[in-house]
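**Q** So the sequence lines, in the order shown, correspond to chains A and B. With the first letter of the first sequence counted as 1, position 343 gets the number 343 in the UniProt record's numbering; the numbers rise by one all the way through. With the first letter of the second sequence counted as 1, position 183 gets the number 183 in the UniProt record's numbering; the numbers rise by one all the way through.
Don't read these hints as lab results, they were simulated from the structure. Every residue, glycine too, gets a C-beta built ideally from N, C-alpha and C. Do not rely on the hints blindly, as some may be mistaken.
Think about it this way: if two alpha-carbon atoms lie no more than 30 angstroms apart in a straight line, the pair counts; the simulated DSSO-like pairs of lysine-lysine are [said to hold, decoys possible]:
(1) B:238 to B:185
(2) A:449 to A:110
(3) B:238 to A:354
(4) B:164 to A:270
(5) B:270 to A:238
Across the chosen pairs, the derived CB separations fall in these ranges [to be verified]:
(6) A:310 to B:57: 25 to 33 angstroms
(7) B:238 to A:100: 22 to 30 angstroms
(8) A:34 to B:157: 45 to 53 angstroms
(9) A:57 to B:105: 50 to 58 angstroms
(10) A:273 to B:105: 56 to 64 angstroms
(11) A:276 to B:347: 48 to 56 angstroms
Number of protein chains: 2
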Amino acid sequence: MNYESYFQQLREQHLEQLKQFLTIPSISALSEHKQDMNEAAQWVAQKLKEAGMDIVEVHPTSGHPIVYAEHLHAPGKPTVLIYGHYDVQPVDPLHLWETPPFEPTIRGGKLYARGATDDKGQLFLHIKAVEALLRQEGELPVNVKFCIEGEEEISSPSLPAFMKTNEEKLATDVVVISDTSLLEKGKPAISTGLRGLCSLEVAIQTANTDLHSGTYGGGVPNALHALIELLASLHDDKGRITVEGFYEGVPELSAAMREEFAKQQFNEEKLQNHLGLDALYGEEGYTFVERTGARPTLELNGVYGGFQGEGTKTVIPKEAHAKITCRLVGSQDPVATLERISAHLHTHVPTGAKLTVTPGEKARAFNMDPSHPVLQTAADAYEEVYGTRALFTKDGGSIPIVETFSRVLSAPVVMMGFGLPDENLHAPNEHFNLENFDKGLLTIVAFLKRL
Amino acid sequence: MNYESYFQQLREQHLEQLKQFLTIPSISALSEHKQDMNEAAQWVAQKLKEAGMDIVEVHPTSGHPIVYAEHLHAPGKPTVLIYGHYDVQPVDPLHLWETPPFEPTIRGGKLYARGATDDKGQLFLHIKAVEALLRQEGELPVNVKFCIEGEEEISSPSLPAFMKTNEEKLATDVVVISDTSLLEKGKPAISTGLRGLCSLEVAIQTANTDLHSGTYGGGVPNALHALIELLASLHDDKGRITVEGFYEGVPELSAAMREEFAKQQFNEEKLQNHLGLDALYGEEGYTFVERTGARPTLELNGVYGGFQGEGTKTVIPKEAHAKITCRLVGSQDPVATLERISAHLHTHVPTGAKLTVTPGEKARAFNMDPSHPVLQTAADAYEEVYGTRALFTKDGGSIPIVETFSRVLSAPVVMMGFGLPDENLHAPNEHFNLENFDKGLLTIVAFLKRL
Numbered sequence: 001m002n003y004e005s006y007f008q009q010l011r012e013q014h015l016e017q018l019k020q021f022l023t024i025p026s027i028s029a030l031s032e033h034k035q036d037m038n039e040a041a042q043w044v045a046q047k048l049k050e051a052g053m054d055i056v057e058v059h060p061t062s063g064h065p066i067v068y069a070e071h072l073h074a075p076g077k078p079t080v081l082i083y084g085h086y087d088v089q090p091v092d093p094l095h096l097w098e099t100p101p102f103e104p105t106i107r108g109g110k111l112y113a114r115g116a117t118d119d120k121g122q123l124f125l126h127i128k129a130v131e132a133l134l135r136q137e138g139e140l141p142v143n144v145k146f147c148i149e150g151e152e153e154i155s156s157p158s159l160p161a162f163m164k165t166n167e168e169k170l171a172t173d174v175v176v177i178s179d180t181s182l183l184e185k186g187k188p189a190i191s192t193g194l195r196g197l198c199s200l201e202v203a204i205q206t207a208n209t210d211l212h213s214g215t216y217g218g219g220v221p222n223a224l225h226a227l228i229e230l231l232a233s234l235h236d237d238k239g240r241i242t243v244e245g246f247y248e249g250v251p252e253l254s255a256a257m258r259e260e261f262a263k264q265q266f267n268e269e270k271l272q273n274h275l276g277l278d279a280l281y282g283e284e285g286y287t288f289v290e291r292t293g294a295r296p297t298l299e300l301n302g303v304y305g306g307f308q309g310e311g312t313k314t315v316i317p318k319e320a321h322a323k324i325t326c327r328l329v330g331s332q333d334p335v336a337t338l339e340r341i342s343a344h345l346h347t348h349v350p351t352g353a354k355l356t357v358t359p360g361e362k363a364r365a366f367n368m369d370p371s372h373p374v375l376q377t378a379a380d381a382y383e384e385v386y387g388t389r390a391l392f393t394k395d396g397g398s399i400p401i402v403e404t405f406s407r408v409l410s411a412p413v414v415m416m417g418f419g420l421p422d423e424n425l426h427a428p429n430e431h432f433n434l435e436n437f438d439k440g441l442l443t444i445v446a447f448l449k450r451l
Numbered sequence: 001m002n003y004e005s006y007f008q009q010l011r012e013q014h015l016e017q018l019k020q021f022l023t024i025p026s027i028s029a030l031s032e033h034k035q036d037m038n039e040a041a042q043w044v045a046q047k048l049k050e051a052g053m054d055i056v057e058v059h060p061t062s063g064h065p066i067v068y069a070e071h072l073h074a075p076g077k078p079t080v081l082i083y084g085h086y087d088v089q090p091v092d093p094l095h096l097w098e099t100p101p102f103e104p105t106i107r108g109g110k111l112y113a114r115g116a117t118d119d120k121g122q123l124f125l126h127i128k129a130v131e132a133l134l135r136q137e138g139e140l141p142v143n144v145k146f147c148i149e150g151e152e153e154i155s156s157p158s159l160p161a162f163m164k165t166n167e168e169k170l171a172t173d174v175v176v177i178s179d180t181s182l183l184e185k186g187k188p189a190i191s192t193g194l195r196g197l198c199s200l201e202v203a204i205q206t207a208n209t210d211l212h213s214g215t216y217g218g219g220v221p222n223a224l225h226a227l228i229e230l231l232a233s234l235h236d237d238k239g240r241i242t243v244e245g246f247y248e249g250v251p252e253l254s255a256a257m258r259e260e261f262a263k264q265q266f267n268e269e270k271l272q273n274h275l276g277l278d279a280l281y282g283e284e285g286y287t288f289v290e291r292t293g294a295r296p297t298l299e300l301n302g303v304y305g306g307f308q309g310e311g312t313k314t315v316i317p318k319e320a321h322a323k324i325t326c327r328l329v330g331s332q333d334p335v336a337t338l339e340r341i342s343a344h345l346h347t348h349v350p351t352g353a354k355l356t357v358t359p360g361e362k363a364r365a366f367n368m369d370p371s372h373p374v375l376q377t378a379a380d381a382y383e384e385v386y387g388t389r390a391l392f393t394k395d396g397g398s399i400p401i402v403e404t405f406s407r408v409l410s411a412p413v414v415m416m417g418f419g420l421p422d423e424n425l426h427a428p429n430e431h432f433n434l435e436n437f438d439k440g441l442l443t444i445v446a447f448l449k450r451l
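Given the sequences, and given the hints that come with them, work out the whole structure.
**A** Listed below in structure tokens is the structure:
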């Protein structure tokens with residue numbers, strides 16, 4: 001049976017299995033989901049066993065477990081390490097979901113659930129592609145290893161140490177990751193760059209208690225005023241980041257890179273309309289793909305302080321908080337960046353406010369040369385299935401572990417994404433377009449056979 | 001029996017009754033407390049009946065009920081209308097309360113509960129003072145009316161209409177209100193001014209969904225960035241409000257007013273230490289009492305948007321919110337002020353952000369001449385009980401209805417406060433110092449007898 005018929009025949013069964021996977025609320029950031037994390041890891045291990053992997057191991061870590069599997073019966077052939085993650089982002093604001101995030105629902109050819117595309121859906125494709133090859137051919141065209149973690153959404157704190165300890169076990173010729181996107185429907189892409197990431201939390205405290213805005217208003221510091229003044233100082237009126245030294249290590253965009261970006265023929269107006277925006281926004285002198293692919297950011301992800309309930313409360317809040325992440329490019333150093341931001345905040349903190357800065361995640365940006373043969377083989381596989389050759393892009397997101405894989409295992413990393421850019425990753429109503437579910441399975445099979 | 005002995009004898013019983021009153025969570029701002037509001041109104045009505053008032057009525061309104069009572073058997077004597085409110089502020093952040101807000105607890109001579117001082121505790125003093133006069137003398141030295149509402153903390157939306165409809169019923173020679181503070185322990189004060197108030201809510205919307213900060217970060221507007229930029233534009237770096245025309249109607253401080261303020265000998269350093277502040281803060285060229293008594297404010301009471309949970313969420317929020325109140329002085333017009341702020345916000349809203357401004361409460365400032373005889377009589381009553389004459393002050397808070405009382409009933413308003421400035425009004429651990437519970441009862445009796 002050809003692979004198209006094979007996958008068609010098993011489509012309902014595969015979707016039912018994926019739905020089952022998606023019902024597990026494996027939110028790595030929230031400690032109350034500890035048990036769900038174990039359940040999701042066990043689910044992945046079970047499916048790898050059913051697929052025919054020889055060895056399947058669930059490794060406990062100080063955080064969430066890592067699932068490892070191998071099938072090494074192709075002597076003389078390359079080894080492929082498939083990476084993915086079974087953890088998902090938090091789901092709030094919950095009221096904006098049309099169907100509950102952990103009750104997977106298919107509507108209009110799309111599968112809606114938290115993790116549908118990031119990354120449970122895409123990870124699932126690899127398990128089913130390997131299973132298909134084994135069932136159809138009785139063997140695999142290459143040696144295959146899986147390394148599936150549960151901490152990608154919290155910056156993979158356990159995986160680097162696991163990688164170092166198990167360097168030999170994980171040794172490979174190529175790492176394959178499906179956690180990125182096509183350019184748009186029908187336009188495949190292979191990401192050759194990822195932005196780095198660093199995160200921090202900022203807390204302002206003023207008085208030792210909330211105060212009445214009548215009795216004290218105008219005479220004491222207000223934690224929200226101090227925080228807003230401080231946060232506003234981080235960008236100038238053109239949206240450029242004002243932190244001293246922030247842009248150190250950011251490469252200037254060469255004419256060649258601008259040309260590569262321009263090849264995507266990205267439709268900014270279409271995006272603007274799709275997102276219901278009056279205007280896109282960003283650094284002057286750059287297009288949207290350049291801004292998101294090759295420029296760093298300093299972004300407020302959450303700000304809160306004072307009264308949030310119904311009605312009015314005439315209070316001067318004693319504390320206020322902000323959550324910030326930066327996307328990094330080129331050789332920007334996440335540790336130095338966090339230090340620079342902290343120094344900026346401490347220099348600018350207004351009179352009467354006490355500042356606490358808590359640094360968080362740290363990951364460098366990653367870049368690969370598109371001319372590498374394994375990337376060209378991946379582009380061939382896409383062309384076979386999609387009828388159009390994959391473009392080489394830079395992805396604005398961060399998969400902090402990619403840079404570590406490439407460094408520790410000294411192997412090229414192929415980012416074969418099957419998501420779409422508008423599938424609400426990290427937002428309400430995340431979904432996975434099933435056209436790419438079908439084509440993804442075939443593309444992975446084609447890639448493994450061509451290696 | 002003299003009144004000191006009388007109140008001493010009944011002290012435990014009175015405190016038990018007040019505690020009972022304080023267990024009712026009558027938060028007017030939250031619609032879920034509708035039933036508690038009725039219960040609190042009925043409690044007040046019952047206690048007025050027990051005190052010996054002839055007529056006691058509970059008037060339904062479109063909001064929360066108004067309790068009216070009268071005892072008019074002193075022909076030829078003046079009529080006193082006692083105003084108070086049985087509603088209280090919301091209680092969050094709840095985790096900062098040492099004992100639950102609606103489980104009144106006495107610790108170190110202070111009664112802790114939401115509403116202990118603002119205004120259930122102070123209102124209760126008047127009921128018990130009138131009861132004492134009737135029991136001890138068999139009659140009242142003046143004609144007494146009570147008008148007790150349940151919407152003071154939400155700016156009294158129903159009372160002005162009630163006042164107009166019942167102008168004759170409420171007709172009086174003097175209005176007495178106990179909803180303000182002594183200057184400090186042992187230093188009584190009569191407030192001859194209150195700041196006005198206006199409130200608004202600000203909402204920013206950018207995209208139609210929350211977005212992934214990797215895929216979109218740097219290329220689309222972030223609702224929090226837009227809100228922070230907008231809010232930061234409301235003050236200059238000296239803390240002055242930058243809204244055009246905002247200071248119209250704000251009187252310059254005369255040398256005489258500055259002298260009156262200086263009489264308070266307010267200890268700014270003591271306040272700063274008490275509040276755990278590194279520094280007080282406010283407009284240059286003014287003292288703390290001038291800033292809070294005679295200068296307007298534009299204050300953030302709440303700001304929120306994006307992720308507030310544990311850990312990191314790499315999200316670009318699609319919406320962000322702020323709650324703002326202004327304290328007004330002199331002849332500042334609350335309606336015009338709201339219009340000016342709205343115009344400023346609409347002028348400064350950043351590219352790509354949609355702005356919604358929702359105006360709320362509106363109340364003018366109030367001022368009285370300290371030389372008025374009824375204020376002098378009140379000062380005499382304080383002197384009799386506290387051994388020191390009350391100072392005439394300006395209060396930074398707003399009791400929006402005071403200006404309405406004075407205008408509609410054409411009567412002087414005596415603000416005889418028995419709270420203390422550090423009793424955590426509107427904040428966690430609100431309390432009432434029982435020294436002023438005891439002295440307050442005696443002062444009210446002395447005042448009514450002297451009129």
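**Q** For this structure, which hints from the list above don't hold up?
**A** 1, 4, 5, 7, 11
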